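Asks: Taken in sequence, the protein lines are chains D and S. One point on numbering: in our numbering, the residue at position 179 of the first sequence is 179, and numbering is uninterrupted. One point on numbering: in our numbering, the residue at position 47 of the second sequence is 47, and numbering is uninterrupted.
Read the hints as simulated data drawn from the structure, not as lab findings. Here the structure is a predicted model, which means the values were calculated and not measured. Idealized CB from N, CA, C, for every residue including glycine. Just to be clear, a hint being listed does not mean it is correct.
What the hints assert, rightly or not - Below, simulated SDA-like cross-link-like pairs (lysine to any residue); rule was C-alpha separation at most 20 Å, straight line:
{"hint": "1", "chain 1": "S", "residue 1": "Lys33", "chain 2": "D", "residue 2": "Ile161"}
{"hint": "2", "chain 1": "S", "residue 1": "Lys192", "chain 2": "D", "residue 2": "Glu187"}
{"hint": "3", "chain 1": "S", "residue 1": "Lys65", "chain 2": "D", "residue 2": "Tyr104"}
{"hint": "4", "chain 1": "S", "residue 1": "Lys197", "chain 2": "S", "residue 2": "Pro158"}
{"hint": "5", "chain 1": "D", "residue 1": "Lys131", "chain 2": "S", "residue 2": "Ser86"}
To be verified - Label pairs and their in silico Cβ distance ranges:
{"hint": "6", "chain 1": "S", "residue 1": "Asn48", "chain 2": "D", "residue 2": "Phe24", "range": "51 to 57 Å"}
{"hint": "7", "chain 1": "D", "residue 1": "Asn48", "chain 2": "S", "residue 2": "Trp96", "range": "46 to 52 Å"}
{"hint": "8", "chain 1": "S", "residue 1": "Ser186", "chain 2": "D", "residue 2": "Arg64", "range": "21 to 27 Å"}
{"hint": "9", "chain 1": "S", "residue 1": "Lys192", "chain 2": "D", "residue 2": "Pro158", "range": "32 to 38 Å"}
{"hint": "10", "chain 1": "D", "residue 1": "Gly150", "chain 2": "S", "residue 2": "Glu172", "range": "27 to 33 Å"}
{"hint": "11", "chain 1": "D", "residue 1": "Pro158", "chain 2": "S", "residue 2": "Lys20", "range": "33 to 39 Å"}
{"hint": "12", "chain 1": "S", "residue 1": "Leu3", "chain 2": "D", "residue 2": "Pro158", "range": "24 to 30 Å"}
Unchecked claim - Example chain D residues on the side facing chain S (calculated, C-beta under 10 Å, incomplete):
{"hint": "13", "residue": "Met1"}
{"hint": "14", "residue": "Lys33"}
{"hint": "15", "residue": "Thr36"}
{"hint": "16", "residue": "Arg38"}
{"hint": "17", "residue": "Asn46"}
{"hint": "18", "residue": "Asp49"}
{"hint": "19", "residue": "Leu56"}
{"hint": "20", "residue": "Leu77"}
{"hint": "21", "residue": "His80"}
{"hint": "22", "residue": "Ser84"}
{"hint": "23", "residue": "Tyr88"}
{"hint": "24", "residue": "Asn92"}
{"hint": "25", "residue": "Ser94"}
{"hint": "26", "residue": "Tyr98"}
{"hint": "27", "residue": "Cys132"}
{"hint": "28", "residue": "Glu184"}
There are 2 protein chains.
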Amino acid sequence: MHLPKLFKTENFEILKEIIKNNSFSNLIIYNEKILTTRAMMLLNGNENDFYIETHLNRANPVARKIDAENEVLCEFLGVHTYISSSWYDHTNVSTWNYEQVQIYGKVEFMNDIQLYNHLNKLTNIYEAPQKCPMTLEKMGKEFVEKEMKGAIGLNIIPTEIKIKQKFSQNREEKNNVRIISHLEQSEDIMDKKVAKKMREL
Amino acid sequence: MHLPKLFKTENFEILKEIIKNNSFSNLIIYNEKILTTRAMMLLNGNENDFYIETHLNRANPVARKIDAENEVLCEFLGVHTYISSSWYDHTNVSTWNYEQVQIYGKVEFMNDIQLYNHLNKLTNIYEAPQKCPMTLEKMGKEFVEKEMKGAIGLNIIPTEIKIKQKFSQNREEKNNVRIISHLEQSEDIMDKKVAKKMREL
Chain D
1 MHLPKLFKTE NFEILKEIIK NNSFSNLIIY NEKILTTRAM MLLNGNENDF
51 YIETHLNRAN PVARKIDAEN EVLCEFLGVH TYISSSWYDH TNVSTWNYEQ
101 VQIYGKVEFM NDIQLYNHLN KLTNIYEAPQ KCPMTLEKMG KEFVEKEMKG
151 AIGLNIIPTE IKIKQKFSQN REEKNNVRII SHLEQSEDIM DKKVAKKMRE
201 L
Chain S
1 MHLPKLFKTE NFEILKEIIK NNSFSNLIIY NEKILTTRAM MLLNGNENDF
51 YIETHLNRAN PVARKIDAEN EVLCEFLGVH TYISSSWYDH TNVSTWNYEQ
101 VQIYGKVEFM NDIQLYNHLN KLTNIYEAPQ KCPMTLEKMG KEFVEKEMKG
151 AIGLNIIPTE IKIKQKFSQN REEKNNVRII SHLEQSEDIM DKKVAKKMRE
201 L
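Isolated chain D, as found in the complex (with noise of 0.2 Å):
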């Protein structure tokens, strides 16, 4: 990730929102080739001290080669979307806007109880605004043994923490303002997104 300081953040309540907001996410691994998969991450844990648990299918080549030693990026892009330059009142290049947050880590793997526990709080999450909300408890005992024996529970423990957020910081305000009302105006719900952290910025 490029991070100019312009773009940088330390503030964690905004790594707690990417995440929250884009759970699938994209866990890279290297080892003797790059290896990515999208899995469910959640964040565990407060600002001073946090990990981030997910867990795989035991047939996955990223579950086959990671390993403690090497460590792993976990990766989740927030709101974004295309800045026209023609949206300008100078001449400039057009641009993406977005947020992102990027953890190195090192993985610890979950024993059986902290497999339960993190397949609970997730279900749990998801599972909160359906009609008829799914549990662990209603799949039953034996299913989710059987369904934990394929999966593999991981904690990445952070080793580097990067938090973008690049929203034409970089521009004068009257240009600003000519981006916002350019993606107010747009029908996309996505532009509105970015729009809103335009402004709250």
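Go by the hints and put chain S onto chain D.
Replies: For chain S alone, coordinates are given in the frame of chain D:
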């Protein structure tokens, strides 16, 4: 990427569509450390002979660490959404439906003419929907030449291609219909897009 046979496709039209709709995607390299950057990536060519073209700011750590020796990975995530197991007529786990393209490749550095053509193509594609589309001509030769000096153009020649469409193909029709129905009733545009893809399959 975990790519069971059931979710694997070699349909070039799907690859093309996913890249076209998700040009702002992930370029991943390994050079002593995993490094990634978001970049605008375009497909150039046809099924039998194609490559990915992109450009980076020279100050980007990936631009400084990328070389012609090491394989890189271009990754494109298509439509994706949560599938609740509460929608099934039987006990099972919740999952995420999604489509993804991975292109491993070797890097060739663009010359000035190739870089100009790439930026021209990119600008024309992304400015086409604008009210007053910006063009490289409008920006002026001097400005464009200055911008080009700060950029590095890359052609990524594929060494390995993976296309995944995970859209509940492992469910029987009855449950597929239930999933599609739930997604179509959702107000989330992404849910509707996934439902459309599932109907097409």
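Asks: Against chain S, run the beta carbon of D/Cys132 and see if the smallest gap drops under 10 Å.
Replies: Hint on D/Cys132: holds, closest Cβ of chain S at ~5 Å, below 10 Å.
Asks: Checking hints one by one. Is D/His80 an interface residue toward chain S, by the C-beta closer than 10 Å rule?
Replies: Holds: closest Cβ of chain S sits about 6 Å from D/His80, inside 10 Å.
Asks: Using the nearest Cβ pair, does D/Lys33 come within less than 10 Å of chain S?
Replies: holds (7 Å)
Asks: Quick one, is the D/Ser94 hint okay against chain S at 10 Å, beta carbons?
Replies: holds (6 Å)
Asks: Assess, step by step, whether the Cα of S/Lys33 is no farther than 20 Å from the Cα of D/Ile161, and give holds or violated.
Replies: holds (14 Å)
Asks: Please verify whether S/Lys192 and D/Glu187 have alpha carbons no more than 20 Å apart.
Replies: The hint holds at about 16 Å.
Asks: Are D/Thr36 and chain S close enough, Cβ to Cβ, to be under 10 Å, as the hint says?
Replies: holds (6 Å)
Asks: Would the hint on D/Tyr88 stand, with a C-beta cut-off of 10 Å toward chain S?
Replies: holds (9 Å)
Asks: Checking hints one by one. Is D/Tyr98 an interface residue toward chain S, by the C-beta closer than 10 Å rule?
Replies: For D/Tyr98, the interface hint holds, since the closest Cβ of chain S sits about 7 Å away, which is under 10 Å.
Asks: Checking hints one by one. Is D/Met1 an interface residue toward chain S, by the C-beta closer than 10 Å rule?
Replies: At 6 Å from the nearest chain S Cβ, D/Met1 passes the 10 Å test, so the hint holds.
Asks: Interface hint check: D/Ser84, Cβ to nearest Cβ on chain S, cutoff 10 Å. Holds or violated?
Replies: The hint holds - D/Ser84 has a Cβ within 10 Å of chain S, the shortest such distance being about 5 Å.
Asks: Can you verify the interface hint for D/Asn92: is its Cβ closer than 10 Å to any Cβ in chain S?
Replies: At about 8 Å, which falls below the 10 Å cut-off, the nearest Cβ of chain S leaves the hint on D/Asn92 intact, so it holds.
Comparing the model with each earlier hint shows violations of hints 4, 6, 7, 8, 10, 17, 18 and 28; every other hint is respected.
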